[in-house]
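Once you've looked at the hints, dock chain A against the given chain P.
The chain contents come next:
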Amino acid sequence: MIFARVYNTGRMLYIFVLASIAIFTGLYFLSKKFWSDKRHLIEKICSLVFAGIFLIRFFSVRNIQTLSEYFDTFALLGGYQNKFLNLVGNLLGWVEITAAIFLMLRPFFRFKTSVWYVKYFSSVVFALCLIGIYPMLSMIQGSYDLTFTGAMLGIEIGTGFALCLYYFLTGLKRHISKHSYPEVALTATFINFATMQCFIPYFFFGLGNINNHVYDMSIFHRVFIYIFLIALPLTLYFSLRNANPVKIRYFLLIIAIGTTLAYFGTGDWRDLVQPWELPFHLCNLAMVLICIVLIFKPKRLFYFTYFINVFGAILAMLMPNYDEFLLVFDPTVVHFWANHMIAFWMPLLCVALKLYERPKLKQYFYSSVGFLGYFILVFVLNTVFTAYQGTVVHYLWNDFTIRGTDFFFINSTFIAEKLGDWAESLFNITVTWTLNGKPFTIHPIYQFIYFTVYTLIGFGVWFVYQLFFDIADSHYDLHLRLRGIRLDKIALQSSLDGRSLDEPMEKDVGTQLKLEHFSKKYGTNNYYSVEDANLEVKGGEVFGFLGPNGAGKSTIIKSIVGIQPITEGNIFVCGYNVKSQAVHAKSQIGFVPDHYALYEKLTGREYLNYIADIYDVSQEDRDARLNEYIKLFELEASIDNKIKTYSHGMKQKITIMSALVHEPKVWILDEPLTGLDPTSIFQVKEQMKKHAKKGNIVFFSSHLIDIVEKLCDRIAIIKKGHIQCVVTVEEIEKTGMSLEDYYLSIINK
Amino acid sequence: MGKIKAFFKKMNPLVRFQLSDKFDFSWVKSKKTLIQQVVFFVIKFGLTIGFVAIALWLLSILGIINKAEMVDLYVLFFTLIMVLLLLSDTHNLMLSLYYADDNKLLVTFPVTSTDLFFSKIVVYFISDFVKNCSLLIPVTFGFAIGGIMLGQVSFGVLFWLLIPLILANGVIVLIGSLLSVPYLYIYRLFKTVPILELLIFLAISVLFVIGVIMAIQLIPEDIDLVNQWPSMRQTAQNFIAQICEYVFPFTFVVRSMFGKHGASYLGYRLLGSCFIDAAILLGIFVAFIAICYFVIKPFFFYMMTKSFEFEKNIVDQPKPNKKHRKYLTFVNKELILNIRDIDISGTFLLVYILAPVLLFFMNKVFSAISTRLDGEIMTYAFNIMLIVLPYLASNSVIATLYSKEGRAAYMKKTKPISLIFPLSSKIFFYFGLSIISIVGCGFVFADYASNAGIGALVPILLTISVIFIQFAHMYYSVTLDIMNPQNEVYATVGENNNNPNENKSTLVALIASALVAFVSFGLMRETHLSDGNFNIAFIKLLVISIIAAIASFSLFVLKVKAYYYEK
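Chains P and A supply the protein sequences, listed in that same order. Throughout, the numbering used here is defined as the position within the first sequence, counted from one, plus 2. Throughout, the numbering used here is defined as the position within the second sequence, counted from one, plus 19.
So here's chain P without its partners, still in its complex pose (with noise of 0.2 Å):
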């Protein structure tokens, strides 16, 4: 008895899916034929008519009327098939809208991922469908029959799998990569995930034990379910943080109208035609408002959500009103959970994903008066419905009977008995009054402050998301950084071409300082400081940098020695590439700022045994070189007293000889010699060319022009961040002027 109908049926069904097949097979070849070069749009058209048949069928009347009729169609108790076909239909009724949703969105979002989808997924979802096509009608709708339903149904999976047949067949060539197997399988069931209509865990955990009752749930089964809705949003964050904005909308979009689906999911179309029946719940609202602002982009909408309606989810989640004596898996629960998770953190996920900006004032002004819109909205509705609740009204071909409602919870004491008598005794001031004999009652006090509350606590929790996003922010510019770090040491383990990290980037030219395009920009500038800047220093010279102030002097200085960062270019000490090889090529250096920094309360030794510890210098070595330097710059009297006690020009000496004491290779001053005494001034000029004599570099600023003359072999001059020459003191004195005349010259053009 049972194998004839299911023959019957199955025969009539499976003409609707043949015939959709043909049919689109066919305007496939027609298309390919007389509109080629109209494909992407014929595709998008497919696409929008496959959608309409998916949500005709998906709003179609299903028979269920009863509870236990509910439960004996979806649970894998048995009902009137068995359990392995409830599975079978269950699982494919469930797939199948993820597949649905990839089909419907491939012609609008190309990249390679939603081409996979569809390829990878679709089609083998739609082919299974076509043979699970039976028990996947009896679950939808609680019967065997072929009703409108089961005719939609076939057609809707023949169309499915015609338009999957056509994008297999299209995109043949383009073949998933073995790396990407991991990212299409997580994220394909994570979609799925999003699309679970409410009553699968029930179906999958059944009743249970008798005792999971939403009640038995302890505080901190409570906070395991908060730690969860907020551990999803950040996995998502995470995934989608370097994608492009095209395909964080992609993912959002399937996420959101998976999850909406799943929201009408219990429902049919007689749902959408009952105002009291519509989702006029702020969160509830909320499902579908997300929608349209992923697809259609509309950016006060968006701030309306943003404002409005995570608040909203917040306090929901915080306060749920199912009834506790439910189960936990219930399909009223289950929805309730998944309906605020994702009122809650899709706009907050779509701000810190960047796809629409953080809010100003301004949109805060436009959501506030969406929101009074709202309001006004929902107060009228529930007035009227509760004037007119019981009454039965016939229209659309059915008797409805309007019930009374309660939106946005103003017009019960579901929130007010949560704030106490206080909250109830202002409830309880009512004004009413008689139209058409229907008793109309509004709560105008306790009504008006809900709204003001609720718009200012909209405007501070403003704040919180900002705290959040601050965060995120850090985060992820954290992880660039530390991503340019690695990329840094890949290039050096490149370029060093199997050489030990220890040794120097450039092999073999010896003592050498080299500026390669080198530019600096602070912060968020849009300016360099200094650009594209290029200078070869080499061993046994004194090389003088002049300029005005603010030129890059410093800059240049402060990049080379390692105080901050290098924007572009590279900079090499002795071979030693300043970014990558930061310790080696600091190790070469002895720098003397253009402003002591000491330690005040350590003595002059201390402070001199400290930085030589650092360079690691011998006992032997520090005690010749410290005992040299103390003599040479007259601090035998001083050397063991504390810094703090030191005139500017002591500090001065401490800081160069600490500078000297590991006898580096590049000597770097700036400014060094201000506020040193005449004799300071030559025992430093005297050292500076004996340094040089060792084969060292001495490369050192100065707005002293004349002892840069004497000084150094080579000079350069630089302005406005831009190395104008390099120059020997010979060739200057070839054309006949004075350094001073020259660099006036230079700088002055």
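By construction, these hints were calculated from the structure, which means they are not laboratory data. Glycine residues also receive a C-beta, built at the ideal position from the N, C-alpha and C atoms. Keep in mind that a hint or two might mislead.
Unchecked claim - Pair by pair, the computed Cβ-Cβ distance ranges are:
#1 A:Ser573 to P:Phe298: 41 to 51 Å
#2 P:Lys751 to A:Ser49: 37 to 47 Å
#3 P:Ile447 to A:Trp46: 32 to 42 Å
#4 A:Gly230 to P:Ile447: 53 to 63 Å
#5 A:Leu373 to P:Gly486: 39 to 49 Å
#6 P:Thr432 to A:Asp393: 10 to 20 Å
#7 A:Arg344 to P:Leu482: 29 to 39 Å
#8 A:Ala471 to P:Tyr217: 31 to 41 Å
Unchecked claim - Which chain A residues face chain P? A few, computed with CB under 10 Å, are given here:
#9 Arg344
#10 Lys352
#11 Lys432
Said to hold, decoys possible - To list a few chain A residues with every Cβ distance to chain P over 10 Å, as calculated:
#12 Lys29
#13 Ile54
#14 Ile156
#15 Val158
#16 Leu221
#17 Gly425
#18 Thr525
#19 Asp550
Structure of chain A alone, referenced to chain P:
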């Protein structure tokens, strides 16, 4: 009149100059940050007021306090705050008047030392007022609103009480400036003979410990809060009334703020005499200005410039050069600096000595109270909070460690060494000291828990957990300093009264301590119900704290790698 006008004309740029150095007003420029700051301030202010008002109302409803003694309770609070304010003002004014780095610049301006002195006082008073906006003023309003709710105080008080309060604050600042003179001499003496400071510090610590032990002996053997409450309340009432008599100057100010108690009516009323009291207060304020003018003016300039000078020791025998291992040298340097800078290490020592002593005292009180299981678990959770809070709160100093080095910190970047070690070595000294103190707290906790038959495992696990939590928060605090360095402020001004890193570190310390106590309470309750002991709860706490420590240290390492050279 013309002279006064000229005086104020001179003061205006001086005050503005110093204020812009002391406060960061950059948030005023952006509409968004301005709104953000205002909203946060209003919320914080409102919440404090609401909290105090509701707490008072509840305490009164529950019969814990008598609503008629509410104003006396405020006198107690006001006295405590004013005494603390006087101590901190004296210290800070001494630093600000005679040791601030900007003095070197200010003395070169064409103004008299009187102008300079009063500009500093005005700037200090403004910064004091800003600070008071976060506690004293909202709490005072909270008391007023609580009083109004209880029908004890008249509504008009809200519009009046700020005037006497500001005047009183002004008087305290002026007294602080007077006391800063003798304090300066003591400070300099301590700087010259550091051992003296250490000895006095130790003597105070010993006296404190003796005081605590004496107080412990006063605790009765068995406290039954419910039954003994009426007599205890009476004792407390008498005690507060007596205190109010002793601290009559403060009682006088409070009466002029809230009004007078009358025989013919309930509560306090703002009478004409309150305004006369306020006028007297104004007179006292003006008198102190005059005293400051005549007492400090003659030698303000001398003392201010004196702090620029240092006496040198003539060293006959040069000391030898000493080589340390490359990494050990940082620890060595920090040790020397900390020992020589008693200011910072003293603060830490104080916290680290006081924490176990106070815990011991509190546990003696807890031991005397008879509790049920939940109450007992609550005392353990409270114990944990008392252990964690002081250490974490003291870490606010850690959040300024690198910045306080001023420009010397930049030089670290030029050295050929991985920076994690030199940066970490700055906190080794404090971390080492805190471990000793935490272990001390662990012993105190073990002693208390042994009364309930809890073995050694739980205190050991708790001690290790707290060490990890302290480690996590220390690294969190130094990371704050790395991400938002204040070196230039310290290098130019020498101080930063509103360091955002310090504030953030303290806020996180408060939240973290409460969270640790709350989580411990939940875990203890849960495991006691299932296992009958707390072992698993403390193992879980240890795991959480290890995760926190690893996360905090990893973030520190990563952020140093990614940002240190740029900041």
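Each hint, compared with the structure:
Checking the proposed 41 to 51 Å range against Ser573 (chain A) and Phe298 (chain P) shows it holds: the Cβ atoms sit about 43 Å from each other. Against the hinted window of 37 to 47 Å, the Cβ-Cβ separation of Lys751 (chain P) and Ser49 (chain A) comes to about 40 Å, which satisfies the hint. A hinted range of 32 to 42 Å holds for the C-beta pair Ile447 (chain P) and Trp46 (chain A), which are about 37 Å apart. Checked against the given bound of 53 to 63 Å, the beta carbons of Gly230 (chain A) and Ile447 (chain P), roughly 56 Å apart, stay inside it.
With their beta carbons about 46 Å apart, Leu373 (chain A) and Gly486 (chain P) fall inside the hinted range of 39 to 49 Å. For the pair Thr432 (chain P) and Asp393 (chain A), the supplied restraint of 10 to 20 Å is violated, since their beta-carbon distance comes to about 43 Å. Range check, Arg344 (chain A) to Leu482 (chain P): Cβ separation about 36 Å, and the 29 to 39 Å hint holds. For Ala471 (chain A) and Tyr217 (chain P), the Cβ-Cβ distance of about 33 Å falls inside the hinted range of 31 to 41 Å, so the restraint holds.
Of the supplied interface hints, the one on Arg344 (chain A) holds, with its beta-carbon coming within about 7 Å of a beta-carbon of chain P, less than 10 Å. Contact between Lys352 (chain A) and chain P, as hinted, is supported at the beta carbon level, the nearest pair being about 5 Å apart and thus within 10 Å. Because the smallest distance between the Cβ of Lys432 (chain A) and any Cβ of chain P comes to about 5 Å, under 10 Å, the interface hint for this residue holds. Residue-level check passed: Lys29 (chain A) sits 31 Å from the nearest beta carbon of chain P, beyond 10 Å.
The beta carbon of Ile54 (chain A) is not kept farther than 10 Å from every beta carbon of chain P, the shortest such distance being approximately 7 Å. In this structure Ile156 (chain A) is separated from chain P by more than 10 Å, as the shortest Cβ-Cβ distance comes to about 22 Å. Every CB of chain P lies more than 10 Å from the CB of Val158 (chain A), the least distance being 23 Å, so the non-interface label holds. With 10 Å as the threshold on Cβ separation, the claim that Leu221 (chain A) sits away from chain P holds: the shortest Cβ distance comes to roughly 22 Å.
A cut-off of 10 Å between C-beta atoms contradicts the statement that Gly425 (chain A) is not in contact with chain P; the least separation is 7 Å. Every beta carbon of chain P lies more than 10 Å from that of Thr525 (chain A), the smallest distance being close to 17 Å; the non-interface claim holds. Non-interface status of Asp550 (chain A) relative to chain P is upheld: no Cβ of that chain comes within 10 Å, the nearest being about 16 Å off.
Of the hints listed earlier, those the structure fails to meet are numbers 6, 13, 17, in rising order.
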